[in-house]
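**Student:** In case you want the letters, here they are:
Protein chains: 2
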Amino acid sequence: MEGAEATRIMIGVNESTIKGYPHASISSRGAFDWALQKIVRSNTSGFKLLFLHVQVPDEDGFDDMDSLYASPQDFKNMKYRDRTRGLHLLEYFVNRCHEIGVACEAWIKMGDPKEVICHEVKRVQPDLLVVGSRGLGPFQRVFVGTVSEFCQKHAECPVISIKRRADETPQDPVDD
Amino acid sequence: MEGAEATRIMIGVNESTIKGYPHASISSRGAFDWALQKIVRSNTSGFKLLFLHVQVPDEDGFDDMDSLYASPQDFKNMKYRDRTRGLHLLEYFVNRCHEIGVACEAWIKMGDPKEVICHEVKRVQPDLLVVGSRGLGPFQRVFVGTVSEFCQKHAECPVISIKRRADETPQDPVDD
Numbered sequence: 013m014e015g016a017e018a019t020r021i022m023i024g025v026n027e028s029t030i031k032g033y034p035h036a037s038i039s040s041r042g043a044f045d046w047a048l049q050k051i052v053r054s055n056t057s058g059f060k061l062l063f064l065h066v067q068v069p070d071e072d073g074f075d076d077m078d079s080l081y082a083s084p085q086d087f088k089n090m091k092y093r094d095r096t097r098g099l100h101l102l103e104y105f106v107n108r109c110h111e112i113g114v115a116c117e118a119w120i121k122m123g124d125p126k127e128v129i130c131h132e133v134k135r136v137q138p139d140l141l142v143v144g145s146r147g148l149g150p151f152q153r154v155f156v157g158t159v160s161e162f163c164q165k166h167a168e169c170p171v172i173s174i175k176r177r178a179d180e181t182p183q184d185p186v187d188d
Numbered sequence: 013m014e015g016a017e018a019t020r021i022m023i024g025v026n027e028s029t030i031k032g033y034p035h036a037s038i039s040s041r042g043a044f045d046w047a048l049q050k051i052v053r054s055n056t057s058g059f060k061l062l063f064l065h066v067q068v069p070d071e072d073g074f075d076d077m078d079s080l081y082a083s084p085q086d087f088k089n090m091k092y093r094d095r096t097r098g099l100h101l102l103e104y105f106v107n108r109c110h111e112i113g114v115a116c117e118a119w120i121k122m123g124d125p126k127e128v129i130c131h132e133v134k135r136v137q138p139d140l141l142v143v144g145s146r147g148l149g150p151f152q153r154v155f156v157g158t159v160s161e162f163c164q165k166h167a168e169c170p171v172i173s174i175k176r177r178a179d180e181t182p183q184d185p186v187d188d
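Chains as they are written, first to last, in our numbering: chain A, 13 to 188; chain B, 13 to 188.
Okay, chain A solo, but in the shape it has when bound (with noise of 0.2 Å):
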């Protein structure tokens, strides 16, 4: 085992529905930490971590309502600060990777989370994929659909999804 390519770990990373960005949600920050703590540990030079950012284009259209489109450099302005919101996030994960010593990668896709992640699995074949998860009953997930559990059933490479701690939900559990 001395001397083996290192460990590959994607991180699946998204944005807090109650900071927005580019403050990383309770449980990207979770899986992370989690990760770090539990699997890494201080063999720093034994993996690398690959984060991925996908951004949903419009999330549910309700954004698009109170915004007023005059020309198309509107749209390219709206989707530039997204990714660069998007960049800053993943600058919190890099950096603090870098403070380790601990080998990353970071991008970001469009699209839906759930679908991309998987095929960026399947693309970047990482040895583990590592999800965040709030953790929600049957009733909340119904509404808001769960990353984690679609990515379990169809990523192409093993799966740990790490909820967040009880003393780090937030009153509504639908947020993040």
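If you are wondering where the hints come from, they were derived from the structure by calculation, not from laboratory data. It is possible that part of the hints are untrue.
As the list claims (entries may be wrong) - Computed list of lysine to aspartate or glutamate pairs in EDC-like fashion (alpha-carbon distance at most 20 Å, straight line):
| # | chain 1 | residue 1 | chain 2 | residue 2 |
| --- | --- | --- | --- | --- |
| 1 | A | Lys165 | B | Glu161 |
| 2 | B | Lys175 | A | Asp139 |
| 3 | B | Lys165 | A | Glu168 |
| 4 | B | Lys60 | B | Asp94 |
| 5 | A | Lys134 | B | Asp179 |
| 6 | B | Lys31 | B | Asp187 |
| 7 | A | Lys165 | A | Asp184 |
| 8 | B | Lys60 | B | Asp124 |
Given the coordinates of chain A, work out where chain B should sit on it, guided by the hints.
**Tutor:** Coordinates of chain B only, in the frame set by chain A:
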């Protein structure tokens, strides 16, 4: 992360359906090898492996139809025999850990594997549960049930399900 308590990984192991005791199933060995190669790596002091083997009392009743029980001793002998075989199964994993230098514990429980595993997770509180999976399709799953899916839903810790490699899958995928 230095000097932290070892990460405790529970691994559910069972006997081969083809070779029987004391041979470990393909998916049990796969789950173990995966945990060593991808998680433990060279950091042998950072992890402790907990092997749980659950024995099914009489899997579907058919075994008993070929047996004649004349005294309470007959039952005792049978249970003792199975327990002994289970011990030899665990011996394989404990020996390999000893060779590599990873701390481990191993024990046997009787009952329905999926329920006993979840119960033991609750009792022992590992950081991670690793279970092998045959990777069966939906049609095959109906008849054999899947321990890994049940554990992913119900175990009170993060769960990784490790599928067998395609080149290790027997002709009949229900075999293991």
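**Student:** Does each hint fit the structure? Answer for all of them.
**Tutor:** Outcome of the hint check:
1. Between the alpha carbons of A/Lys165 and B/Glu161 the distance comes to roughly 9 Å, so the proposed pair stays at or under 20 Å and holds.
2. Distance check on the hinted pair: B/Lys175 and A/Asp139 sit about 12 Å apart at the alpha-carbon level, within 20 Å; holds.
3. Pair hint B/Lys165 plus A/Glu168 holds up; C-alpha atoms about 19 Å apart against a cutoff of 20 Å.
4. For a cut-off of 20 Å, the pair hint linking B/Lys60 to B/Asp94 is broken: about 26 Å separates their Cα positions.
5. At most 20 Å may separate the alpha-carbon atoms for a hinted pair to count; A/Lys134 and B/Asp179 meet this at roughly 19 Å.
6. For the given pair, B/Lys31 sits about 10 Å from B/Asp187 by alpha-carbon distance, which is consistent with the 20 Å threshold.
7. Using a Cα cut-off of 20 Å, the hinted pair A/Lys165 and A/Asp184 is violated, with the two alpha carbons roughly 27 Å apart.
8. For the suggested pair B/Lys60 and B/Asp124, the alpha carbons sit about 25 Å apart, so the restraint of at most 20 Å is broken.
Of the hints listed earlier, those the structure fails to meet are numbers 4, 7 and 8, in rising order.
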